[in-house]
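Peer 1: Okay, here's what each chain looks like letter by letter:
Number of protein chains: 4
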Amino acid sequence: MATPPKSFVVPSGASMVTFRLASTPRKYDKEKGGWKDCPSSFYTVVAWKMLGENIAGSVSVGDPLMVMGRLRVREWEGDKQRHTVAEIEAISVGHDLSRGTSAFRRVVRPHADPLPPDTVTLTRTR
Amino acid sequence: MATPPKSFVVPSGASMVTFRLASTPRKYDKEKGGWKDCPSSFYTVVAWKMLGENIAGSVSVGDPLMVMGRLRVREWEGDKQRHTVAEIEAISVGHDLSRGTSAFRRVVRPHADPLPPDTVTLTRTR
Amino acid sequence: MATPPKSFVVPSGASMVTFRLASTPRKYDKEKGGWKDCPSSFYTVVAWKMLGENIAGSVSVGDPLMVMGRLRVREWEGDKQRHTVAEIEAISVGHDLSRGTSAFRRVVRPHADPLPPDTVTLTRTR
Amino acid sequence: MATPPKSFVVPSGASMVTFRLASTPRKYDKEKGGWKDCPSSFYTVVAWKMLGENIAGSVSVGDPLMVMGRLRVREWEGDKQRHTVAEIEAISVGHDLSRGTSAFRRVVRPHADPLPPDTVTLTRTR
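Chains as they are written, first to last, in the numbering used here: chain B, 827 to 952; chain C, 827 to 952; chain V, 827 to 952; chain H, 827 to 952.
Here chain B stands alone, though its shape is the one from the complex (with noise of 0.2 Å):
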């Protein structure tokens, strides 16, 4: 994790996390005998809902991460410039246990399926 995560509510209602993601490959150096870093790339991970939630309680920027989802390159125009991102929605996330040791507490979705739209939701309080 390369930057602290960032929380949002999309105009739906649904909540977001987005961080940046950087990845190091290694290659072997047959010449040298041993193994070296190539330069890094740059992801910007989405995740929604309960994953973005848990990232945001769980995951600190240099924690080492495995990230699974779908890959999508997008490209716009903007202050005259072109911009580019590689982003990846992603479908789950977790620290690498090849780097350290991690306690692991289950989440209970209060709703398995989202409410109908029409719901109406009504606190009382004293």
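Just to be clear, a hint being listed does not mean it is correct.
Simulated crosslink set (DSS-like; lysine-lysine; CA at most 30 Å straight-line) [as the list claims (entries may be wrong)]:
| no. | chain 1 | residue 1 | chain 2 | residue 2 |
| --- | --- | --- | --- | --- |
| 1 | C | K853 | V | K875 |
| 2 | C | K862 | H | K862 |
| 3 | H | K906 | H | K832 |
| 4 | V | K906 | C | K906 |
| 5 | H | K858 | B | K875 |
| 6 | V | K856 | B | K856 |
| 7 | V | K875 | B | K862 |
| 8 | V | K875 | H | K832 |
| 9 | V | K853 | H | K875 |
| 10 | V | K862 | B | K862 |
| 11 | H | K858 | C | K853 |
| 12 | H | K862 | B | K875 |
| 13 | C | K862 | B | K875 |
| 14 | B | K853 | V | K853 |
| 15 | H | K856 | C | K856 |
| 16 | C | K875 | V | K856 |
| 17 | V | K906 | V | K832 |
| 18 | C | K875 | V | K858 |
| 19 | C | K906 | C | K832 |
| 20 | H | K875 | C | K858 |
| 21 | C | K875 | C | K832 |
| 22 | H | K875 | H | K832 |
| 23 | V | K832 | V | K875 |
| 24 | B | K858 | H | K875 |
| 25 | B | K832 | B | K906 |
| 26 | H | K853 | C | K856 |
| 27 | C | K858 | H | K853 |
| 28 | V | K875 | C | K858 |
| 29 | B | K906 | H | K906 |
| 30 | B | K875 | B | K832 |
| 31 | C | K858 | H | K862 |
| 32 | C | K858 | H | K856 |
| 33 | C | K853 | H | K862 |
| 34 | C | K862 | H | K858 |
| 35 | C | K858 | B | K858 |
| 36 | H | K856 | B | K875 |
| 37 | B | K856 | C | K832 |
| 38 | B | K862 | V | K856 |
| 39 | C | K875 | B | K853 |
| 40 | C | K875 | B | K862 |
Source of the hints: derived by calculation from the structure; they are not laboratory data. Bear in mind the structure is a predicted one, so any value in this text is a computation, not a measurement.
Following the hints, put chains C, V and H in place on chain B, whose structure we already have.
Peer 2: Okay, now just chains C, V and H, sitting in the frame of chain B:
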């Protein structure tokens, strides 16, 4: 994780951890308009050295996992039967944060690189 | 491709092609300074409809292939034995151009959507 | 394949082929009950030596391809702009047989392993 992790030390002195992993894909049911579970596939996961030790110290049966590694299908004869196992030699394993939270603690590897082959280790004991 | 493709028609009327695929990873041998073959893994590939027909019309035993699809490990009892097979339901299959050249010919799908089950097709020939 | 393949020879003498690849995922639209196209992502594919030569000799703009390789996101400054490109260093490329047929012809590599640098080749001709 479908079975508890078992630890071994192979003759070369390297430590190894294995466990069974169940993977249950879901399929969108167009007629009923919802997701349904497909039959589970079972894999034997093999993890070496620090990754194996961290799995043994962090993961319990029932935990939702991400596993990345090299797949092989091994076949052998024994007990008058043909045996087949789908085995993943793990490179990274992590708890899936789409299902819960995790408290991660980085493990500092005592020696990043192996000692040269002619190293002599002297240990003084009383 | 390790065995010739076999064609079937399932009761629903859909056509299916299956074949055995051998995958032989190579590993860099640091001591000898070269690549060596690891043991092969065998998969049963299943391809439906047009993909299956194009495989049957294009691929021969020994051809180097790329296969992308959904993996499952199926287990069943039969003949007093436990059987296990690693099966790939293929989404895409192609000849690997790192090993040769290919002349491709796009197939125009006659009907993007299947005809309703009660369709009657009348063909008049002289 | 979104642009015709371009061939280069790098200073070391190795040949390289590059082209642009468009990837257009489809998404199931639950409300309309059908599949719809998502925006395309564009990648620059780089292929070395025999793979590159076979691509240049086999593939045309518009052909449906499978590409397997290593992804990296490269960024650099130039022309007062920040440039970003998602690049795939291809290991295997093939025509997707879910869309058509292919006639494959294996290319025999003249030397499986490179000759040592001080090799002298003597060829006697009449």
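Peer 1: Which of the numbered hints are not met once you compare them with the structure shown?
Peer 2: Failing hints, ascending: 7, 8, 20, 35 and 37.
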